[in-house]
Amino acid sequence: MQSPEPETVVTDEDTGTRPLLSVEDLQTYFFTDEGTIKAVDGASFDVYSGRTLGIVGESGCGKSITAKSILQIIDNPGRIVGGQVKLSSNGDASKNLLEMEPNGEEIRSIRGGEISMIFQEPMTSFSPIHTFGNQIIEAIRLHSPLDKEEAHGLAVDWLRRVGIPSPEQRMSEYPYQFSGGQRQRAMIAMALCTEPRILIADEPTTALDVTTQAQILDILQTLQKQNDMSIIFITHDLGVIAEVADVVAVMYLGKVVEIGPVESIFSSPKHPYTKALLSSMPTIDAAPRERMPSITGAIPHPQNRPSGCSFHPRCPSYMSDICGLREPDLVSIGTDQQASCFLYGRN
Amino acid sequence: MLGYLIRRLFYAVLAVWAVSIISFFIINLPPGDYVTSYIAQLAIQGNIIGAEEAESLREYYGLDQPSYVQYLKWMNQIRQGNLGFSFEFGLPVNDVIGERLVLTMILAAATIVFIWIVAIPIGILSAVRQYSIWDHTFTFFGFVGLAVPDFMLALIMMYFSFVLFDFSVGGLFSPEYVTASWSLGRGFDLAQHMIIPIIILGTAGTASLIRITRANLLDELRKPYVATARAKGLSEWRLILKYPVRMALNPAISMTAYILPFLVSGSIVVSVVLGLPTVGPILLKALVAQDMFLAGGIILLIGWMTVVGTFLSDLLLVWADPRVKFEGR
Ligand SMILES: Nc1ncnc2c1ncn2[C@@H]1O[C@H](COP(=O)(O)OP(=O)(O)OP(=O)(O)O)[C@@H](O)[C@H]1O
Ligand SMILES: [Mg+2]
Chain H
0 MQSPEPETVV
10 TDEDTGTRPL
20 LSVEDLQTYF
30 FTDEGTIKAV
40 DGASFDVYSG
50 RTLGIVGESG
60 CGKSITAKSI
70 LQIIDNPGRI
80 VGGQVKLSSN
90 GDASKNLLEM
100 EPNGEEIRSI
110 RGGEISMIFQ
120 EPMTSFSPIH
130 TFGNQIIEAI
140 RLHSPLDKEE
150 AHGLAVDWLR
160 RVGIPSPEQR
170 MSEYPYQFSG
180 GQRQRAMIAM
190 ALCTEPRILI
200 ADEPTTALDV
210 TTQAQILDIL
220 QTLQKQNDMS
230 IIFITHDLGV
240 IAEVADVVAV
250 MYLGKVVEIG
260 PVESIFSSPK
270 HPYTKALLSS
280 MPTIDAAPRE
290 RMPSITGAIP
300 HPQNRPSGCS
310 FHPRCPSYMS
320 DICGLREPDL
330 VSIGTDQQAS
340 CFLYGRN
Chain Y
0 MLGYLIRRLF
10 YAVLAVWAVS
20 IISFFIINLP
30 PGDYVTSYIA
40 QLAIQGNIIG
50 AEEAESLREY
60 YGLDQPSYVQ
70 YLKWMNQIRQ
80 GNLGFSFEFG
90 LPVNDVIGER
100 LVLTMILAAA
110 TIVFIWIVAI
120 PIGILSAVRQ
130 YSIWDHTFTF
140 FGFVGLAVPD
150 FMLALIMMYF
160 SFVLFDFSVG
170 GLFSPEYVTA
180 SWSLGRGFDL
190 AQHMIIPIII
200 LGTAGTASLI
210 RITRANLLDE
220 LRKPYVATAR
230 AKGLSEWRLI
240 LKYPVRMALN
250 PAISMTAYIL
260 PFLVSGSIVV
270 SVVLGLPTVG
280 PILLKALVAQ
290 DMFLAGGIIL
300 LIGWMTVVGT
310 FLSDLLLVWA
320 DPRVKFEGR
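Line by line, the protein sequences give chains H and Y. According to numbering that gives the first Met the number 0, the first sequence holds residues 0 to 346 in order. According to numbering that gives the first Met the number 0, the second sequence holds residues 0 to 328 in order.
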């Protein structure tokens, strides 16, 4: 497909390594009869080995579509129209996943192999008419030469690791026989049994109660350490982000508007949107789980995105001479924090 | 699971019994009886029958008794496998229906198979390639298929098969096989003659099953489990056939049971036009003549077969969708 060209190695001050996965200026649009919806419109972020990138943002800002774009599993009528998703392989080379043939063998070996994904809805994310064992064994055998029996053994092993009791018996059961929490554990087992380098977790705990949520996060963090795996953790919940993320990317209308280490984001947010998000977060332990409390004004429909900085109609620091006219780029503020806002320079 | 099946079986038996009562009483619903229509028929030919003679005819046929007595007598006969006597043909109902029923069933079964084989792949293709040229083409033909009445289709096909292929459509057998006993040659002759009736009878069912499959599959394709399967790295066709298609087939399975009565009643006009020796034309005749045991017998048999068909499709559903076992407890 593409010639693997050696690249200039970008170093991260924190880890001294180059990113494992690098998303650059990703654009994914939906071409509907009513018009074009720019679900993701220039999102950029890096993921480092063994660390967790948290992605937060209000409902509809494009978090799930960003995640699905990485694996190129966007539903019709969506299309990735621009950007790069670079996955570094062993050695210096890196592959741009977006250059691979859609649904071709190369990208399919990455899906579920090098990059696994778990979804928000543990209820509906399994086929209801196939046994759980059937579905996990399929995942294993797609990415390894194991035969059915070996794959079965490995699957049972993984069910045990994620804390499902009597795993042997559960293999022949159907998803409706699992509780919500168990289903999400099973989902994690199915995603991790191929030992991926990156796990994309799209709101894995949103549908669960607080106790189960804590257990699931615990499992994820334990397995992350054991496998030295990177996680892209998508959520509405700033409380969860504070707990799991090393780096946080804040998304607004299809763009990353601020990115930085979790401590910096929480202690000194730079983008007015991030500030608003944080101030809308309840201070007591009762973390919001379902939907993020709204900020002044409604989220504009992605189809008629405001001109200039798309946050300007809701922004408390709105500057009439520039914000509605030009789009700000991400600029570095301090050592490793970046925000796209004209408050920090007008270049 | 077993309890579920036993319950379904119990309902099936109950349904057959209800069908027998309803068919009997509905047939008795119009004013008059067979003797009335018999007298009217004779009157057309100029023969007037006196009231006394009419009474003795009624007595002869048992029509003077209260209808529940008639029903019980009929049921008692049926217990012995005898559907009663056809006034119109002057023969036992069993003899009148006989082979026609077998042919009707063969035709219905073949039509259902035809509908499945044609509609399901097209439905899948239309959904997976939504808004493609294929989808639009099949949608167009689907609506045409639904809109054109069967008998018209029958006439058109008769015309073209005669003009183009010099093949005269009509009946289910070539003349030399009509009264012959069953043999390989007769079966082959039947198969040949069934092609056109199957297409005609199956067109509407095919069109609607295409729509059902397409709509269901479009729904299923958007479900999160499809995204999960994709994220595993499964190839597109393999995952579509393994997951959403299996789900989309469930309504198609349930629909099949309802196709059967529709095929029999829908086939009456087509059978008349094509001269098919099925039960449809006989049923029509029996209803017009108020030949109540013949009509009742046919309706009962069709009802019974529908119930059996529904039971079979229930079994099929249990196999196709394990949740049915769970919820149906
Ligand atoms: N199949 C689709 N057709 C058209 N538009 C879509 C489709 N899927 C998503 N979108 C649009 O893309 C935008 C981003 O959707 P996405 O699912 O990524 O949001 P999200 O940030 O994950 O929200 P949530 O927190 O509610 O999951 C939405 O505004 C939605 O309107
Ligand atoms: Mg989402």
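Calculated from the structure, these hints are not laboratory results. Among the hints, a few may not be true.
Said to hold, decoys possible - Cβ-to-Cβ under 8 angstroms is the rule here; a few derived chain H residues that face chain Y:
1) Glu-23
2) Gln-26
3) Gly-77
4) Arg-78
5) Met-99
6) Ser-108
7) Gly-111
8) Glu-120
9) Ser-126
10) Pro-127
11) Ile-128
12) Leu-141
13) His-142
14) Ser-143
15) Phe-265
By construction, the Cβ of each residue, glycine as well, lies at the ideal position given by its N, Cα and C atoms.
Was the hint right that H/Leu-141 lines chain Y, CB cutoff 8 angstroms? H/Leu-141 check passes; min Cβ-Cβ to chain Y is 5 angstroms, inside 8 angstroms.
Holds or violated: the hint that H/Arg-78 contacts chain Y, with Cβ atoms closer than 8 angstroms. At about 14 angstroms, which exceeds the 8 angstroms cut-off, the nearest Cβ of chain Y leaves the hint on H/Arg-78 violated.
Holds or violated: H/Gly-111 as interface residue toward chain Y, Cβ cutoff 8 angstroms? 4 angstroms, holds
A closest beta-carbon separation below 8 angstroms is what the hint needs, so does H/Gly-77 meet it against chain Y? Violated, because the Cβ-Cβ distance from H/Gly-77 to chain Y comes to roughly 12 angstroms (cut-off 8 angstroms).
Status of the H/Pro-127 interface restraint (C-beta, 8 angstroms, chain Y): OK, holds: H/Pro-127 within 8 angstroms of chain Y, min 6 angstroms.
Grab the minimum C-beta distance from H/Ile-128 to chain Y and call the hint holds if it beats 8 angstroms, violated otherwise. Result: holds, 5 angstroms to nearest chain Y Cβ.
Restraint outcome when H/Ser-126 is required to lie within 8 angstroms of chain Y by C-beta distance: 5 angstroms, holds
With a cut-off of 8 angstroms on the beta carbons, see whether H/Ser-108 makes it to chain Y. The hint holds - H/Ser-108 has a Cβ within 8 angstroms of chain Y, the shortest such distance being about 6 angstroms.
Does H/Glu-120 hold up as a contact with chain Y if the rule is Cβ-Cβ below 8 angstroms? Constraint on H/Glu-120 satisfied, holds at 5 angstroms.
For the hint on H/Met-99, just tell me whether its beta-carbon gets within less than 8 angstroms of chain Y. 12 angstroms, violated
Would you check whether H/His-142 satisfies its interface hint, that is, whether its CB is within less than 8 angstroms of any CB in chain Y? Result: holds, 7 angstroms to nearest chain Y Cβ.
Holds or violated: H/Phe-265 as interface residue toward chain Y, Cβ cutoff 8 angstroms? 31 angstroms, violated
When each numbered hint is compared with the structure, violations occur for hints 1, 2, 3, 4, 5, 14 and 15.
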